[in-house]
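Colleague: Protein chains in written order, with the UniProt record's numbering: chain A, 1 to 527; chain B, 1 to 443.
Simulated from the structure, these hints should not be mistaken for lab results.
Don't take every hint at face value.
Said to hold, decoys possible - List time: in silico DSS-like cross-link candidates among lysine-lysine, alpha-carbon distance up to 25 Å: (1) B/K99 <-> A/K258; (2) A/K258 <-> B/K328; (3) A/K287 <-> A/K332; (4) A/K342 <-> A/K258; (5) B/K318 <-> B/K236; (6) B/K274 <-> A/K258; (7) B/K328 <-> A/K250; (8) B/K375 <-> A/K250; (9) B/K294 <-> A/K250; (10) A/K342 <-> A/K332; (11) B/K337 <-> B/K378; (12) B/K378 <-> A/K250; (13) B/K274 <-> B/K328; (14) B/K299 <-> B/K318; (15) B/K318 <-> B/K378; (16) B/K329 <-> B/K375; (17) B/K99 <-> B/K370; (18) A/K60 <-> A/K449; (19) B/K99 <-> B/K337; (20) B/K378 <-> A/K258; (21) B/K328 <-> B/K99; (22) A/K250 <-> A/K60; (23) B/K318 <-> B/K375; (24) B/K337 <-> B/K318.
Said to hold, decoys possible - Derived list of chain B stretches under chain A, where covered just means 3 residues or more per stretch with a C-beta under 8 Å from a C-beta of chain A: (25) 60-74; (26) 290-297; (27) 388-397.
Stated by the list, open to error - Heads up, incomplete: computed chain A residues facing chain B, CB under 8 Å, no partners named: (28) L116; (29) G119; (30) K123; (31) M126; (32) A127; (33) S257; (34) V259.
Backbone N, C-alpha and C fix where the C-beta goes; we use that ideal spot for every residue, glycine too.
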Amino acid sequence: MARDQLQVLNALDVAKTQWYHFTAIVIAGMGFFTDAYDLFCISLVTKLLGRIYYFEGHDKPGSLPSNVSAAINGVAFCGTLAGQLFFGWLGDKMGRKRVYGMTLMLMVICSIASGLSFGKDPKAVMATLCFFRFWLGFGIGGDYPLSATIMSEYANKKTRGAFIAAVFAMQGFGILAGGTVAIVVSSAFKALYPAPAFQVNPVLSTVPQADYVWRIILMFGALPALLTYYWRMKMPETARYTALVAKNAKQAAADMSKVLQVEIEAEQEKVEQLDTRKGNEFGLFTKQFLRRHGLHLLGTAVTWFLLDIAYYSQNLFQKDIFSTIGWIPEAKTMNAIEEVFKIARAQTLIALCSTVPGYWFTVALIDKMGRFTIQLMGFFFMTVFMFALAIPYHHWTMKGNQIGFVVLYSLTFFFANFGPNATTFVVPAEIFPARLRSTCHGISAAAGKAGAMVGAFGYLYTQNAIGLRNTLIVLGVVNFLGLLFTFLVPESKGKSLEEMSGEAEEETTAATRESAMEAGLEVRSSV
Amino acid sequence: MLSFSSLTFLFKICRRIQFSDLRRAPFVALQLEKRSELAIWVSNFRTLSMGNDAGSPQGPVTCGSWIRRPENLNLVVLGRSRRGSSCPSLLEIFSFDPKTTSLSTSPLTTYVLEAEEGDPVAITVHPSGDDFVCALSNGSCKLFELYGRETNMKLLAKELAPLQGIGPQKCISFSVDGSKFAAGGMDGHLRIMEWPSMRVILDEPRAHNSVQDMDFSLDSEFLASTSTDGSARIWKTEDGVPLNTLSRNSDEKIELCRFSKDGTKPFLFCSVQKGDTSVTAVYDISTWNKIGHKRLIRKSASVMSISNDGKYLSLGSKDGDICVVEVKKMQIYHYSKRLHLGTNIASLEFCPGERVVLTTSVEWGALVTKLTVPKDWKEWQIYLVLLGLFLASAVAFYIFFENSDSFWNFPMGKDQPARPRFKPVLKDPQSYDDQNIWGPVDM
């Protein structure tokens, strides 16, 4: 009888753990959700900004010049880079948990402020928006690694892989939420304030209340940030040895042994262990690292860089592509708020059918197919579909063929997320030695941020210079280069971190008696 | 009464003359009843906390602990044993003033223990700060709950049925997450229970020869316990299974143990006596192998403690010294020689929110000492840096704003339809297409 009761208690403990971990996923994932909402909702409202503040005349609706559009879209990524450096340094100084509140309050304040303006002058509105978008990015840059830290702290050993992937997939829901909010707000304003199309009446097609639409959509980003802040403050201070969870225990022990007296035993096994430790102590800027891991680091950094060029440019400017091929009706046939509605609906449909399923395919298959295969397949299909769009470009622009274009375009998003977007995050955390893992992951992530900036700023100038068709060809070439550089990255599926980083190999090479005795003598004399 | 006090005073003076050179040893403040004018105050931020009621001298302090309260308030609980027939055993709650680094001159509340309950031996405070457990010399443990605010605080005592009559307990401890309680007896009996349900997880009568020290790990997964015969064992707190025995040489005796509280350093720190030398050994808790050792304190260690953020490790010696070590580099950052002159330090604990330690000894009572360690960044300093960056970028943006007409490329002199107008007038548009050199995004 007592044994049965204990089993019931065990079952309750297991159920309790599951509920607890579900809560932890939401809390950790809220950071990624908030980041995705804030970074991508700007693309939904840039057309409206052009209509309101760049009214030109009766010929066509106003639109943002290229440099202004690039600035508004890309300034947040500059802030992200700066924030990542600043809060990374701060986290090392005073512990990462203490800066949770700062990044989130910064995000809340700047989300609200980006919907406000100093004065009614269009110049002041644009400058204020860019300023607060920069600082919103600053907060996001600080929050992103902190969300990853919470992720690693609350994962236990058994559910680590699925946990991390599920948390990362919250990005897709953030993008969905941005589109949904834009649809709801623009539908409400369209119903409340009917307006004729631009070609019917250019002035009246943009109602004065349209100014509220973009402000509400941007300010709504403060809400998930506040929820994240509230839940993190309520989070119990359940402590973990993060070194054990992240499999950094060896590194921690090695660091500690440097400040202690290590007892020198006469045993052979001890001497071999010392020799092993000595053999693995190369730094980042050494020939040994370059020979063993240089190509790996090049592979992870370049693939992340190339992916983010394509991914961010496609995400931020997909509405322009849809307008150019005619899937979204011509701007002059709609009023300002109707245009926001159609753009939001189109982008949300893409996210719902392509981006989010891509994440979950990766979650389900990453440990079966392997990281290398998923990344290779993802880049391959992204390349194929991009060229399929670009080469017969004229065909897609004809009446009745737009759906085909949209389907192929969606598939590039699907294979971006069931592909390199997920694996470029996972692989750098697995293939480098423990001692250098966080540094190498940081280098790769920084390369990714640089790619995002190239994508945000470079796309518009490219399209204006060489046209949409050739721009798509350039993106196809970028994806193909990503495919090539994937061959530099080794497969890490099913291997322990020690095997992957080559730390296990040293033990076999140190087996010879002479080197062991020599190492023993050196260590003994140094003591 | 008066002659008794005089004799006590003279005895202590003689003792000090006999056993220490007055010129080398720092004077420790000694405050006696009815002779407060003779008290000598010591610099270095040491302050006595023993409250004195006129005509009723207090018993010696046997144990003490910090209590973390809401709104960054920290209290101290002290246990006093009885002295003679006129001074009963007490539990006293003091408030701590971080500005002056001192305890309040009189207790916020006092609980008088009955004569048959004996003296307080050990105190452990629940991480929530609402209650604590006190081990008594009569062989039972009692739960005390704190009620009320600082001005009208009360202590409510409760019996813990599973802990009645279990024999004197050398050490008692709550796990870091507050869900488990452990008691180590002087008879070597080790108990681990769930808290607050008191369900038994481990009940091992022969865990040790006699329990000397024990500690829960940061993730509450392990319990380390040491014995007076020098052995140390690791227990799994989930089911009470013994996991491992720490390795040691034949001449080593593991006496004290504390788990690291820094999540990036999965170690167990042990105070090991090797012959007549005391060293601090570090074990890796993923393999339970010894990483290395270092000599930190000069005399034998009697007590060990670790700060709440895991940054500092502290040792108290049997001669009254304390030293504070930074864990990352295992360097001594603070050393107080003869803080409790010539006396075994009974308890040593870091303040939850400040770089201050509480130490107690039977001879000298309770002291709070401010540590000479590097200052941590304050929260407001970070916000100041952030605000500075914000304002600097605001200035940069404003300068750009004032000199950037060509960048924004607004059409000049046009009516903006989104702005409300009293009398909207439709004007003939003028063509400025050739000035828009960038061109629209649409093609």
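Colleague: Now look at each hint and say whether the structure bears it out.
Modeller: Consistency of the hints with the structure:
1. B/K99 <-> A/K258: Violated - the C-alpha atoms of A/K258 and B/K99 are around 38 Å apart, more than 25 Å.
2. A/K258 <-> B/K328: holds (10 Å)
3. A/K287 <-> A/K332: Given that 25 Å is the threshold and the Cα spacing comes to 61 Å, the pair is violated.
4. A/K342 <-> A/K258: violated (62 Å)
5. B/K318 <-> B/K236: Violated, because 31 Å separates the two Cα atoms, which is more than 25 Å.
6. B/K274 <-> A/K258: holds (22 Å)
7. B/K328 <-> A/K250: The hint holds at about 15 Å.
8. B/K375 <-> A/K250: Outside the cut-off at roughly 30 Å; violated.
9. B/K294 <-> A/K250: The hint holds at about 20 Å.
10. A/K342 <-> A/K332: holds (13 Å)
11. B/K337 <-> B/K378: Given that 25 Å is the threshold and the Cα spacing comes to 29 Å, the pair is violated.
12. B/K378 <-> A/K250: violated (32 Å)
13. B/K274 <-> B/K328: Holds, at roughly 24 Å.
14. B/K299 <-> B/K318: holds (7 Å)
15. B/K318 <-> B/K378: violated (35 Å)
16. B/K329 <-> B/K375: The given pair, whose Cα atoms are some 17 Å apart, holds under the 25 Å limit.
17. B/K99 <-> B/K370: holds (11 Å)
18. A/K60 <-> A/K449: violated (35 Å)
19. B/K99 <-> B/K337: holds (24 Å)
20. B/K378 <-> A/K258: Violated: B/K378 and A/K258 sit about 30 Å apart, past 25 Å.
21. B/K328 <-> B/K99: Distance of about 28 Å is beyond 25 Å: violated.
22. A/K250 <-> A/K60: Violated. A/K250 to A/K60 sits at ~65 Å, over the 25 Å cutoff.
23. B/K318 <-> B/K375: Given that 25 Å is the threshold and the Cα spacing comes to 29 Å, the pair is violated.
24. B/K337 <-> B/K318: Holds - the C-alpha atoms of B/K318 and B/K337 are around 11 Å apart, at most 25 Å.
25. 60-74: With 0 residues closer than 8 Å to chain A, the stretch 60-74 of chain B misses the three-residue bar; violated.
26. 290-297: holds (count 5)
27. 388-397: Check passed, 5 qualifying residues.
28. L116: Violated - the Cβ of A/L116 stays beyond 8 Å from chain B, reaching only about 14 Å at its closest.
29. G119: The hint is violated - A/G119 has no Cβ within 8 Å of chain B, the shortest such distance being about 11 Å.
30. K123: holds (5 Å)
31. M126: holds (6 Å)
32. A127: holds (4 Å)
33. S257: Since chain B brings a Cβ to about 5 Å from A/S257, closer than 8 Å, the hint holds.
34. V259: holds (4 Å)
When the structure is compared with the earlier hints, violations turn up for hints 1, 3, 4, 5, 8, 11, 12, 15, 18, 20, 21, 22, 23, 25, 28 and 29 and for no others.
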